[in-house]
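So the chains spell out like this:
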Amino acid sequence: MPERLMIGTRIRERRVLSGIRQSELAKQAGISPSYLNLIEHNRRRIGGKTLLKLAQALEVEPQVLSEGAEATLISALREAAGEPGTDGPELSRIEEFAGRFPGWAGLLTDLYRRTQGLERTVETLTDRLAHDPFLADSLHEVISSVTAIRSTSSILVETEALEPEWQARFHRNINEDSARLTEGAQALVKYLEGAPNRDAEVQSPQDEMHAYLATRGYHFEELERDVAGPRDVMRLLKDEAAQAMSTPAQSLTREVLLRYLADARALPLGPFLARVRSIGLQPDRLADATGAAMAQVFRRLAALPGDEMGPVGLVICDASGTLVFRKPIDGFDMPRLAGACALWPLYQVMAQPQVPLRARVRQVGRGGEVVDALAVAGLAAPTGFDRPALMQAHMLLLPDPGGAAEEVRALGVSCRICPIKDCVARREPSIIAEGF
Amino acid sequence: MGKKVLLIEDEPNIIEAVSFILSRDGWEVKTHSNGHDAMEAVRLRGPDLIILDVMLPGKSGFDILTEIRGDVEFAETPVLMLTARGQMKDREMAEKAGASQYMTKPFSNADVLAAVRDLVGA
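The listed protein sequences correspond, in order, to chains A and B. In terms of this note's numbering, the first sequence opens at residue 1 and continues consecutively. In terms of this note's numbering, the second sequence opens at residue 1001 and continues consecutively.
Quick caveat, the hints were computed from the structure, so don't treat them as lab data.
Residues from chain A that face chain B, not an exhaustive set, calculated with beta carbons under 7 angstroms:
| id | residue |
| --- | --- |
| 1 | HIS140 |
| 2 | ILE143 |
| 3 | SER144 |
| 4 | VAL146 |
| 5 | ALA148 |
| 6 | SER151 |
| 7 | THR152 |
| 8 | ILE155 |
Even for Gly, the Cβ is constructed at its ideal location relative to N, Cα and C.
Model the full assembly from the supplied sequences, consistent with the hints where possible.
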């Protein structure tokens, strides 16, 4: 069908969409209903003046009705359809498509343009990486010195009865090359650390949320007041720091803050602090005394002002083992999302919901300190016969008070960086080389 | 007398190590360490085998290889290319320019020995 005639179809679509009757539109445009009918069925050409009047009556730009506006759209559609790998779009009906679904067609061409833009960006970045002169230089330096060291050291090891002069010379060469290797490696590390887009490091919404909570010290005075309500959560989310987060991170943060609010209402700060002062950091006795669930007491302890109680760590996981909440404590590392060590008491308690477990633990490897781990698992939400029960486990981490006689359990952070040998819980090999 | 090998490489300690293992294996080793006049060195030494680094100051190993192959006298001389990059593109370029064999750094001494012995049919 010729493009020009499709104006009629567009007029009809617009009129039906606006809920105007044919006779009424004809009247407004000053033409007879039968003439409009012919136009709408693409059986009469339409002149500029009539087009303007019809556009006015339909409250659209005349270009939307005329072919001009669509010409670019149609050519963009043709371009998109010409991409290799597209599986036979109906080219013969391209005008009809653009005319009947201008919004969808526009969306399609926008997406096509964005894809092309992104492809170009990827190409540019790949190109930059491949031809980055500094990167190439440093790598060349590293590889050259490694090659020399490898070759020289194997001569030293493999050559029988190597003359002392040669031996001394090769030793000196290795020494020289190892210094060069050190420089090259340091330069690489420095360069990669200082890469300009490091700030734009891909961060998960969970990371963003945790970074936000950390800047606030995991304590929100705004939600501790007697009169605090959900509107205070919304107000917090409107401030600059929260607005800087991505939308998914904001929505995660809202959930966490709403839970904080509910916890604060159940265990108000003043009375709770008074109890902690008299009973001490003993979640079971605090739960007993307040009638609150142990998990709630855990969360409350982790939300106390830092100068009040000293360091309190908390980690919460769902039934899949994913760490949905992390408040770190010195001497105990937590992986960013999943894949934590299966030996953690956090996971042990999943086998026996509601049964608390306390253990002194220490992460193997550098920087691991003995911490007191208290864990309990339970339902995360009210359950019923018509839906799956959602479990969650909480693990509170306190600095080891010292003097306890209990054995310290060794555990890891996650398998990839864990040096424990012959571990029954291992699910992937460690990247830490043997004997390192 | 052993066969003659010309090593064109700019890293002094690599030159020293490779020269050492080749001499111990009975080769007469000549070395040259820049790209500009590499072709002159080839003509001067008239080697039975050339070991050629890709990244040389002054001129790329690929260009030198093209010159070597362009000279009737050395069109058939085995050339072992050394490179720090193991990318397919480099390998293809080396083959296209007429390299007899291609080796990626870092290499083991045994591999270099095996390759040169193989190339001259020793």
